[in-house]
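Engineer: The primary structure of each chain is shown beneath.
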Amino acid sequence: MFTTPRLVLIALCAALNVAVGSIVYLLKLPIYLDSVGIILCALLLASDRWAGFACASVAGTISCVIIFLLVNPFFIWFELTVIAIALVSVLLTARFADTLRARPLPNAKFAAIVLICGIVTGVVSAIVSAPVVAYLFGGVTGSGSAFVVAFFLKTGQQLLNATLLSGLTADPIDKVLQVLFAALLYRATPGDFIAMLAAREATSATSAAR
Amino acid sequence: MTPNGAALFVIVMLIGALAASGPLGFSLLYAVLVAFALVEVRAGTTTALTRSAVIVLPLAAFMAAVWIGFVGRSPAEIAAGASGTRAAAAAYVLTVCLRLFLIVAAIQLVLLRFVHLTPLQFICALRLPVTAKRLLALTLSLTETLRQAVDRARTALIAAGVITRRMSLRNLVHGWVLVQTVWLSAITIAVGRMRDKWPIEGTLGRLDDLFQRARTPSLAPGDAVWLSLGVGAALFGLGIG
Amino acid sequence: MVRTLISGPNFSGRSDALRGSLASGAKAFVIGPYAEAALSGLASTVADEIAVYRADGADDSASFAPLDLTIYTDRKPQTLSGGEQVLLALQCFSQSAYGRVGIDTALEQLDGDNRIQALDYLSRVERDIVLIDNRLATAPPGWTGLACQPEKPAFPCDLESLVAGVAPCAAPRIVISDLHFAYRPGADVFQGAALTLEPGRAFRLFGRNGAGKTTLLKILVGVLAPGRGEVLLGEQSYAPWRDGNATFALAMQNPDHQWCGATLGEDIERRRASLKTGQEKVSDARIAAAAGKLGVTSLDQHLYELPLAARKRLSWLWPFSGVMPWIMLDEPTIGQDRDMCRALAAALDRLCGLGYGVVFVTHDDDFARQVPHGIITIDNHRLSLD
Chain A
724 MFTTPRLVLI ALCAALNVAV GSIVYLLKLP IYLDSVGIIL CALLLASDRW AGFACASVAG
784 TISCVIIFLL VNPFFIWFEL TVIAIALVSV LLTARFADTL RARPLPNAKF AAIVLICGIV
844 TGVVSAIVSA PVVAYLFGGV TGSGSAFVVA FFLKTGQQLL NATLLSGLTA DPIDKVLQVL
904 FAALLYRATP GDFIAMLAAR EATSATSAAR
Chain B
272 MTPNGAALFV IVMLIGALAA SGPLGFSLLY AVLVAFALVE VRAGTTTALT RSAVIVLPLA
332 AFMAAVWIGF VGRSPAEIAA GASGTRAAAA AYVLTVCLRL FLIVAAIQLV LLRFVHLTPL
392 QFICALRLPV TAKRLLALTL SLTETLRQAV DRARTALIAA GVITRRMSLR NLVHGWVLVQ
452 TVWLSAITIA VGRMRDKWPI EGTLGRLDDL FQRARTPSLA PGDAVWLSLG VGAALFGLGI
512 G
Chain C
364 MVRTLISGPN FSGRSDALRG SLASGAKAFV IGPYAEAALS GLASTVADEI AVYRADGADD
424 SASFAPLDLT IYTDRKPQTL SGGEQVLLAL QCFSQSAYGR VGIDTALEQL DGDNRIQALD
484 YLSRVERDIV LIDNRLATAP PGWTGLACQP EKPAFPCDLE SLVAGVAPCA APRIVISDLH
544 FAYRPGADVF QGAALTLEPG RAFRLFGRNG AGKTTLLKIL VGVLAPGRGE VLLGEQSYAP
604 WRDGNATFAL AMQNPDHQWC GATLGEDIER RRASLKTGQE KVSDARIAAA AGKLGVTSLD
664 QHLYELPLAA RKRLSWLWPF SGVMPWIMLD EPTIGQDRDM CRALAAALDR LCGLGYGVVF
724 VTHDDDFARQ VPHGIITIDN HRLSLD
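Protein sequences, first through last, are from chains A, B and C.
My numbering puts the first residue of the first sequence at 724, with every later residue one more than the last.
My numbering puts the first residue of the second sequence at 272, with every later residue one more than the last.
My numbering puts the first residue of the third sequence at 364, with every later residue one more than the last.
These are calculated hints, taken from the structure and not from any lab test.
Do not rely on the hints blindly, as some may be mistaken.
Said to hold, decoys possible - With the Cβ distance kept under 7 angstroms, some of the chain A side facing chain B (calculated, not the full set):
(1) L730
(2) V731
(3) I746
(4) I785
(5) F875
(6) P895
(7) L908
(8) A911
(9) G914
(10) A918
(11) A922
Keep in mind that this is a model prediction, so the values were computed, not measured.
Cβ coordinates follow ideal geometry from the N, Cα and C atoms, glycine included.
Assemble the whole structure, with the sequences as input and the hints as a guide.
Structural biologist: Printed below as a string of structure tokens:
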């Protein structure tokens, strides 16, 4: 399963998650894009779902750990969310890989796929994250969604509900953007790289280099 | 101390930070951390604590603004349906910040403890499967590749007028072009290596040889001391509640 | 020991021949032509890069060691310049157990002294060498020559015709006065630097690594803002860090860093959409025709699927389109055969004759000699012009 090109893909997608944070900071944009690598990994391995899930999960985990260690101490707690996003990406978003890569771009279909997959990914992400955010951090992490949580708390909602509602408000929007980014990167990726990923090496990754 | 022991120590402190809630529990954990800093890290302690403060203080200020300034009561009071007080909210924020600082400081102290090791030396010493070590080495290297590509591509795209130097609507609309350029340039480098360099050199095999040659003990006697202290403090904190 | 120089024009199969000669037999060290091709891709410090390749019991005194490791050891290899990466790779090779090395145009990234040292080392080391280098017209003494010829022309490039279609331009004079810039306090790059660049001329930007060449380019295209100082275009104040760049068309050393799209069509469309009011809105048809003269005829061409030499030539498209009055080229001749270098030199000279201004950075003295130019030197935080 973990051929050399797939190991490189995992590393690339993990590095992309980490590096994109610096791009967002340089461009002074009020968005996150911390899961683009996970979704992109699933798309690039659309031909092999289990490999796609495994690679996307590992890529997300690695970037989660790196960001946790160096930048944001809240990140490690969202490992389950990483797995959930990988699962949705493989089971749903990657199904439309061919359409997302079609030329010329089928605008309406592309928009619909991005919207639906983004919303579903966002909803799942919010549901999986809510208990973590609520019980570990009382609903407040370092992100701007904390104000949305606070608003719901002020209106009398209980903590878990407030966290969930906040997540359901913000996550779908954020994930639609992330699915859009991942889809655009997927469209642009050269075909020979995708072919390398689909190939199953005759020998394992460990012995191939000798 | 070995990198494996240090990694386990961070995990123990992380669990301990989550488990502790009262002053005594936190005191014990912080005492273990201070002892670790004084014995294992020494001169680097100031740097570690400064970096930890830089990471945690903005988060603390943000949480204080939300909980104390806006919500005005603690989660426990919300769950009980009580009107609550800002003092309780402040106590809650303090508890979360103590946890965060403990975790972040443990990580920073461990990183500084091994600052004399190169990244590959650190990875070599970890008790992990070879594939996992390869992945870590690849990820660290490619992260730097992407960072350099970001800087260079940003120069070119600003020169072309596609994005701007400062915050702008143009960046919101066209910023993804920078992401795409960085991604594609990194793929080109990776494909070139996989097609031309690695097969002819057997480069990944060289890395595996390096992992094999670095035969260090998984754990050292000193690790057991720190792990015991950390576990003890965490259990004590859990028991006290 | 067998030392082979593979010669021939671009797209004649030289790289395939190099790979073919190394693919069989024992493993061989490879230094390729593209960005970071000299690096293993497995290390994030120079010390680790050397550790990956170092053989047990390597004799440091016999190795090729151009880099002062006391300075470089903690540096990240990806942050090194192209030339430094090649030197690092040669150092790794010299300390390794590889009996063979293949070098695909990588030595062209080295400056004069380092290039001489590298060639000297390769000529005396007791290992097999396979080399592609556009700046070696003939095989050095003791080397075997292997000539490649293309079976059919690929990516035909006609710079003369391309430039013939460019309209004359009255590029503005550039006056830099009292320029101050520092990345952080105490790390001054420029202190009161001043320079005047007249249009209709070419200028070669000179300076050692870290002197400020890239910094100057970044200031002029608006990526960096000077701490103090003024830049005038003609009589007008010029502040691209605030207003955007409408003056300098830039071709990067690594062409992959400058594309604005995955396909040629996307790249052109985004550049045209970014043109400012008052700039000529060059038509699709004209740009497509220009791209055809650089060897790419389809706007749907995926840029990253082109060979590196073709991508490098295509990176000159926007600078040679006539949209911007000043042209900046960073190491334009790396990987280009001598005929293309001559054509490029003639094209730049012609553009100067049409009134454009040209600034280029290059280690290729042969190429520079073919372009009448002034020399801008960066030294001691100042700029001077010969």
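Engineer: Compare the structure with each hint and give your call.
Structural biologist: Going through the hints against the structure:
Hint status for L730 of chain A: holds, given a least beta-carbon distance of 6 angstroms to chain B, under 7 angstroms. Hint status for V731 of chain A relative to chain B: holds, with the closest Cβ pair at about 5 angstroms, below 7 angstroms. For I746 of chain A, the interface hint holds, the least distance from its beta-carbon to any beta-carbon of chain B being 6 angstroms, beneath 7 angstroms. Contact between I785 of chain A and chain B, as hinted, is supported at the beta carbon level, the nearest pair being about 5 angstroms apart and thus within 7 angstroms.
This hint is violated: F875 of chain A has a C-beta 10 angstroms from the nearest C-beta of chain B, more than the 7 angstroms allowed. A least Cβ separation of about 19 angstroms between P895 of chain A and chain B goes past the 7 angstroms threshold, and the interface hint is therefore violated. At a threshold of 7 angstroms, the smallest CB-CB gap from L908 of chain A to chain B is about 5 angstroms, leaving the interface hint in force. The beta carbon of A911 of chain A is positioned within 7 angstroms of a beta carbon in chain B (closest approach about 5 angstroms), and the interface hint is therefore held.
A least Cβ separation of about 11 angstroms between G914 of chain A and chain B goes past the 7 angstroms threshold, and the interface hint is therefore violated. The beta carbon of A918 of chain A comes no nearer than 10 angstroms to any beta carbon in chain B, farther than 7 angstroms, and the hint placing it at the interface is violated. Hint status for A922 of chain A: violated, given a least beta-carbon distance of 11 angstroms to chain B, over 7 angstroms.
In the structure shown, a violation is registered for the earlier hints numbered 5, 6, 9, 10, 11, in ascending order.
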